[in-house]
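So the protein sequences, as listed, match chains F and R. Numbering-wise (my numbering), the first sequence opens with residue 1 and increments by one. Numbering-wise (my numbering), the second sequence opens with residue 1001 and increments by one.
Output of the computed footprint for chain R on chain F, the stretches with three or more beta carbons under 8 angstroms from beta carbons of chain R:
hint	region
1	59-72
2	77-90
3	205-215
In the EDC-like style, the derived pairs of lysine to aspartate or glutamate whose C-alpha atoms are separated by at most 20 angstroms in a straight line are:
hint	chain 1	residue 1	chain 2	residue 2
4	R	Lys-1384	F	Glu-115
5	R	Lys-1384	F	Glu-119
6	R	Lys-1192	R	Asp-1217
7	R	Lys-1644	F	Glu-189
8	R	Lys-1384	F	Glu-111
9	R	Lys-1033	R	Asp-1059
10	R	Lys-1192	R	Asp-1262
11	R	Lys-1015	R	Glu-1237
12	R	Lys-1427	R	Glu-1454
13	R	Lys-1015	R	Asp-1229
14	R	Lys-1644	F	Asp-234
15	R	Lys-1384	F	Asp-117
16	R	Lys-1192	R	Asp-1216
17	R	Lys-1684	R	Glu-1634
18	R	Lys-1425	R	Glu-1453
19	R	Lys-1235	R	Asp-1262
20	R	Lys-1684	F	Asp-234
21	R	Lys-1559	R	Glu-1763
22	R	Lys-1427	R	Glu-1451
23	R	Lys-1644	R	Asp-1631
24	R	Lys-1644	R	Asp-1676
25	R	Lys-1427	R	Glu-1453
26	R	Lys-1015	R	Asp-1059
27	R	Lys-1684	F	Asp-117
Far from chain R, by Cβ distances over 10 angstroms, these chain F residues were calculated:
hint	residue
28	Asp-129
29	Thr-167
30	Asp-226
If you are wondering where the hints come from, they were derived from the structure by calculation, not from laboratory data. Given the structure is predicted, the values throughout are model-derived calculations rather than measurements. Just so you know, even glycine gets a beta-carbon here, dropped at the ideal spot from N, CA and C.
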Amino acid sequence: MIYGRDEPLSDSDHLLSVLAINDVPLRQAMCVGAVEFLADLSGALFWEQERLLVVSDLHLEKGSSFATRGVLLPPYDTVATLSRLAAVVAHYDPRTVIALGDSFHDRDAHERLSEPDREALSTLQIRRDWIWIAGNHDPALPSDLGGAVASEVAIGGIVFRHEPTGTAGEIAGHLHPKARVSTRGRSMERRCFASDGARAIMPAFGAYAGGLSIRDRAFAKIFATDFIAHVLGDSRMHAIAASRCY
Amino acid sequence: MVYQGLHTLYISPLKALAVDIARNLEAPIAEMKLPIKVETRTGDTPVSRRQRQRRYPPDILLTTPEQMALLLASDDAPFLFSSLKRVVLDELHALVTSKRGDLLSLALARLWRLAPQMRTIGLSATVAEPESLARFLVPQPEDRSASADIVMAGGAAAPVVEMLDTQERLPWAGHSARHALAEVYDLIKRNKTTLVFVNTRSQAEMLFQDLWRVNDDGLAIALHHGSLDVAQRRKVEQAMTAGRLRGVVCTSSLDLGVDWGDVDLVINIGAPKGASRLMQRIGRANHRLDEASRAVLVPANRFEVLECRVAIDAVNENAQDTPPLRSGALDVLAQHVLGCACGEPFHADQLYDEVRTAAPYAALSRTDFDDVIDFVATGGYALKTYERFARIRQDKEGRWRVANPRVRQSYRLNVGTIVEEAMLKVKLVRSRHGGSGSTGTIARGGRMLGEIEEYFIEGLVAGDTFVFGGEIVRYEALVEDQVYVSRANDDSPKVPSYMGGKFPLSTYLAERVRNLLDDKRAWSALPEQVREWLSLQSYYSRVPHAREMIVESFPRADKHYLVCYPFEGRLAHQTLGMLLTRRLERMRVRPLGFVANEYALAIWMLGDASSMIRQGRLDLNALFDPDMLGDDLEAWLAESALMKRTFRNCAIISGLIARRFTGEEKSRRQVLFSTDLVYDVLRKHQPDHVLLRAARADAATGLLDLRRLSDMLTRIQGRITHKPLDHISPLAVPVMLEIGREAVYGEASDELLAEAAEDLVKEAMGR
Chain F
1 MIYGRDEPLS
11 DSDHLLSVLA
21 INDVPLRQAM
31 CVGAVEFLAD
41 LSGALFWEQE
51 RLLVVSDLHL
61 EKGSSFATRG
71 VLLPPYDTVA
81 TLSRLAAVVA
91 HYDPRTVIAL
101 GDSFHDRDAH
111 ERLSEPDREA
121 LSTLQIRRDW
131 IWIAGNHDPA
141 LPSDLGGAVA
151 SEVAIGGIVF
161 RHEPTGTAGE
171 IAGHLHPKAR
181 VSTRGRSMER
191 RCFASDGARA
201 IMPAFGAYAG
211 GLSIRDRAFA
221 KIFATDFIAH
231 VLGDSRMHAI
241 AASRCY
Chain R
1001 MVYQGLHTLY
1011 ISPLKALAVD
1021 IARNLEAPIA
1031 EMKLPIKVET
1041 RTGDTPVSRR
1051 QRQRRYPPDI
1061 LLTTPEQMAL
1071 LLASDDAPFL
1081 FSSLKRVVLD
1091 ELHALVTSKR
1101 GDLLSLALAR
1111 LWRLAPQMRT
1121 IGLSATVAEP
1131 ESLARFLVPQ
1141 PEDRSASADI
1151 VMAGGAAAPV
1161 VEMLDTQERL
1171 PWAGHSARHA
1181 LAEVYDLIKR
1191 NKTTLVFVNT
1201 RSQAEMLFQD
1211 LWRVNDDGLA
1221 IALHHGSLDV
1231 AQRRKVEQAM
1241 TAGRLRGVVC
1251 TSSLDLGVDW
1261 GDVDLVINIG
1271 APKGASRLMQ
1281 RIGRANHRLD
1291 EASRAVLVPA
1301 NRFEVLECRV
1311 AIDAVNENAQ
1321 DTPPLRSGAL
1331 DVLAQHVLGC
1341 ACGEPFHADQ
1351 LYDEVRTAAP
1361 YAALSRTDFD
1371 DVIDFVATGG
1381 YALKTYERFA
1391 RIRQDKEGRW
1401 RVANPRVRQS
1411 YRLNVGTIVE
1421 EAMLKVKLVR
1431 SRHGGSGSTG
1441 TIARGGRMLG
1451 EIEEYFIEGL
1461 VAGDTFVFGG
1471 EIVRYEALVE
1481 DQVYVSRAND
1491 DSPKVPSYMG
1501 GKFPLSTYLA
1511 ERVRNLLDDK
1521 RAWSALPEQV
1531 REWLSLQSYY
1541 SRVPHAREMI
1551 VESFPRADKH
1561 YLVCYPFEGR
1571 LAHQTLGMLL
1581 TRRLERMRVR
1591 PLGFVANEYA
1601 LAIWMLGDAS
1611 SMIRQGRLDL
1621 NALFDPDMLG
1631 DDLEAWLAES
1641 ALMKRTFRNC
1651 AIISGLIARR
1661 FTGEEKSRRQ
1671 VLFSTDLVYD
1681 VLRKHQPDHV
1691 LLRAARADAA
1701 TGLLDLRRLS
1711 DMLTRIQGRI
1721 THKPLDHISP
1731 LAVPVMLEIG
1741 REAVYGEASD
1751 ELLAEAAEDL
1761 VKEAMGR
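Excised from the complex, chain R in its bound form:
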């Protein structure tokens, strides 16, 4: 057979998915004895094979966006890709909503130039706006927008999704769904293989423990989440494929694409957060087109009942809510520019035109582009002092190329847009407290349990207990990058590690929840306990109309409370809380603190808000005026830890600082400067620097969710209804229970929570 070169590229967001698809392709190719060579290329591929792939490429290569970027950043890229006929992008929705999508789009732009004959195909089962994804797949002309053809595959059986009709009392707050434990266990028992999805690692840990506590039948139930040791995860995956497991408690680490064998039921514990997200999870059951997937949603509290209800409606209507296409990030562009300079030298004009064929960068201004080039070259500082340290330089023809091989090496080591939280290894050792023969020093050695976020450990003091790897452990010490823990005998961990999950409630589901509240007839579809709760709310206070926001004020103990219900997700509410307390402080209402959940925000204060509003000394419309996103926001951003984390990510992705220096991960103690200090200095001396612009753009959607907050403030302008009350309202009970929960109750103390709820509920119902 004549050698043709690489003709098909397959790119997926997960290594595992690429490997899985390769397996599925190899079987029929072998059976039909076709002369087609299929290979994968991921971070795990040995160096020798990677080198061979460059010289003797396979016919079909399955890989990830990061590996694509690496392949393109080399001199052989034209040789490797000029024969390309097609690119298949799998699970496209999962790629395009993040910076990885930006990186991928820039790689596509390059491929379109190297292989103009190439055709791009995107696959996705859950897309809210197929039209915007279709733009991603074709080069964008300068003067208009171009789109790929859209093919809708029909015929899949509609999923059967129900909400667990619990016989127990529905909790007012919390995320453990412990009330339904027996019912969840029963579902696992009655099915062959059940996937139990939860939103966070710590919820997974907790539920896994609880299930084993009631596992009288000794069912094979396993745990799977991203921070477990890889070997342990592989073991679970193998057992799963072999059909040896009855249940797996997992996080989103299992919710993409990969086929894990015969799952016949998916249980989703807690809030579904988004319709598309839920559908991805449901799709894990019965990976066959002709059979309906079965799923049961288990809300962990009353608000989540509303969220589950509207999510089920959305699934039944096949309504999607993946976020809209992003506009390309400048830090990712900086990484790409450096990558380009590692390959063949480029002219800035040509690269600018090429970059704008990528849909996310179609509207990129020349100023932004030039600033990025300047940044990559010498840091982009107004003070031009780094000319002689330039990382890329122009040759005589004006083409940019890397200044030295060291720059190329550092690019290779730092490619990619996923900035891991700083993680520490968790090692189980013998306790230095108690036990026999304690020597006062911690035993060396010990078993590796997995990894944990550094910021979580920073909040602990020695002796604190928390749940990890399915057991309750005691924090002993931090030694280099290892966290030493010992087995604890406590029944409940002292420190809860619930972080609320990475994703906020989707805007789409939020709107549906508001509509559901507004439509009393639709309440009949809700469980009786929830109906009763809402009826009491409308009796004692008011159930918000779809387009209004209600603000309740009431006294409690020796303080005064303001509770509002924006339904915009915890991240946006937290930002709102920070800004409102600053404002209330200036208005001399003397705020003391606030707490936010996915649905509501409660602020407590010394000033009597009700009477101040009555006397006209406190104006709610002024309080919630969108102008808080001006100076107040700026002042807060200056010291916000979230903003500093956002900046750090941009600094790493853009290549300002390296994830790794010459191959080895810097150990914690060797880190010679902190990006927080860099942020402070840069913010003061060059506030419009391209990296700060990138960080601000991230803040609009990321941890601070500013855009959503801004949309909300605009939406509710002139639509705020104030309800002064004598005491807490039924709707306010859940958020009020969050106050001090982290510190006092913890996720583990459901009894305490229930007790506190009882008191608040009595109060809400007029004693």
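Just chain F, with the same shape it has in the complex:
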């Protein structure tokens, strides 16, 4: 805990802030090309000028997907994910929402949506454009989910697609970046945005979506140089150099 601040920090936020270049409450500026985005503590990304909100890798119905194979995980992941999404949509009131792929955990997942969850999803889509980007888990989505389906979208020089290719101006998901840090004999891992200023990879938003360490080879293929992890703390966002994670 650090004091001399207005609010007390959680242990985790304190640990992260020790390593951070800067840390701020709730949301942090993150540039991709000439555009300044806000990386939100929820794991969503907001583009103020376009009133565009992006979330990635919701993995809805992952719980029931395991259940079909006999692993009866608690069936509350979809409602948990959607209620967090509802909160962030309510806060930013975006004109457009992009779900950046792997919104559903498997091809049949949308059929397993419960009626209340389906309604909650429709409510979120009222009075705004909704774009489903196809992902490897959900390559084909039916039209009755509402919104448009696309393999990628380009807006003002920024390309939104599911799997990162490493080109400049790209915002992608797929890899579920998480940062693992260790100081003072304690180690912890948290979801994060990964960005080098020219491109960015979004954290997974889904309640049951795990993570991949940003020191994994997969990230080195996307980022040629050191990059920044915008780490989701308890109440703050922490910008930490990827080279300080492991």
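On the provided structure of chain F, position chain R as indicated by the hints.
Just chain R, lined up with the frame of chain F:
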């Protein structure tokens, strides 16, 4: 001879013990040419023999609780066990205090039904309450409690236990006992074969290294602990039985039952932790009834001197302190229910009655039982969405059976209650740093050193050095489930891996230590250095009375300290520390951190606690009020890593998630979801789910030791004495030395520790 079928079952906690006993039985049977067939059945028994055993059972079968569960979860169980005449449960105390005991009790309940004529016999050399164990051995009737007869075997020679009367200066803190190295070596030299027990793997590593450093006579001294490679362990055990070793440094991996030949001395380094635990270890020396076992206790610091003193008194009085019988865990019950469904179909009513004949489950409520059935069937969720994925289903007569063969297979692969820490293989490779001809990549191949806990490796960065397999190694990389390390040339490891051992100081010994402190006349039995230390404490501050808790407050550098002495073990103190800092934060005392050891807890802060207490702005009785176990605890549990680990264990034991999928261990990278995420979601959406209830019940006794904390808070209510001081007290020196030890000093830097101690001691003695 007429074929009789299986008539005797022998169940022990260790494979090795079953094999050992089989050997001891076979010799006389062969000599007397008796027509008795003895066989063992463990995880190592080949599949062909296991299948044969089902069809043509031996007369006597020696096995483990897990194998018992597997045998019962099949259609042939009635055939196999109906002829049974007796069951012998060896080292019963070691089984009943864990979830393995719960599993065993449920297997017994089943056996009582299959073989009503059967008699159950329990064996134990160290039991605190034989009466409660006696309940374990007989079916519990619905309306009262039933017990087996108790037979006390007398006549064993009393052990001779001494504390090492060191000529060296006794350390203030630390656990290495390095000060007494020469004396320990000398003891090994003067005896034929010595077992040197330590509490943790890393202590074993460290001591082994140190002993070899001073081993001028080239004595055959070996190392034995649970994470060494099996082949290496077997080698040590063989050398030991053959009498080729002079000394073995070991952990609890050697402290149960098995007879390792002619040991004439046991040395216990560090805290004995519990009287019964110590007696088990002492019993390793001279495994003969008529000769006294000899043991020497070597305390590693001053507090441990007190603990050793009271432990010796307890041994002399033959006082035991094994924990009381547990009440049966719900996750184990879930595993058993699935096992039952793998055998003959069952009626819920009948199984409920059967289960309650097992002593740990005698008080099981029907609601809990039904919740467990519901959990096994469809996950037990309020949101009923998994009906079609059910793992067990009811037939037309209402009997439960497994829904498909896949469920049966997954049960077989996941049976048992021992959840191993996630372990990684440690492989010695050539360093990529330095050396000639470095290619920049790590060499493939390399020698396997053993296994290490994953959470330990997670705290390391490449280049960190630590002790493993008797040498100092450098962490190079993590590749799949293998940790690559290289040989390091450092003198001392950078990262200490002392985890304080699995077991906290027993409640019984803790109470005896408090009584010893309270009884000044008894101090005469303590070494002079310790007497002096306590006298100074009573001069500068206060030595706590048996029933009070003292809280000292003093300034130091630019911070303020609160030190209290609950003597309740490190686990309970850690939990207390977490809760107190939350509370102090709300009281605006601005806490910065805390550190706990087995005896004390120190919290440091920016606020001046002494003057706040004086002015009535900080009330110690309110601070230590047991109500901290309410909301504060709940808030902390939400994010506690210990609680998440507890939950994971319950999820695995209950069968929610599999240890293994279809036979092969999932590699780390393939693990598709984390139980931490499941915990977060379940806690929010169904906080009373049966698995969360199971995890909370575990937290009462396990890593969080909540029950002990709660008992302590109740005990000290209205009995807190505050001592405001100008500087640190003598009693506070040990815990203060723990501050930053992990990060700064490390177990290896005794010189630094001694230096720091000097400074603190000078300060404590008024400069």
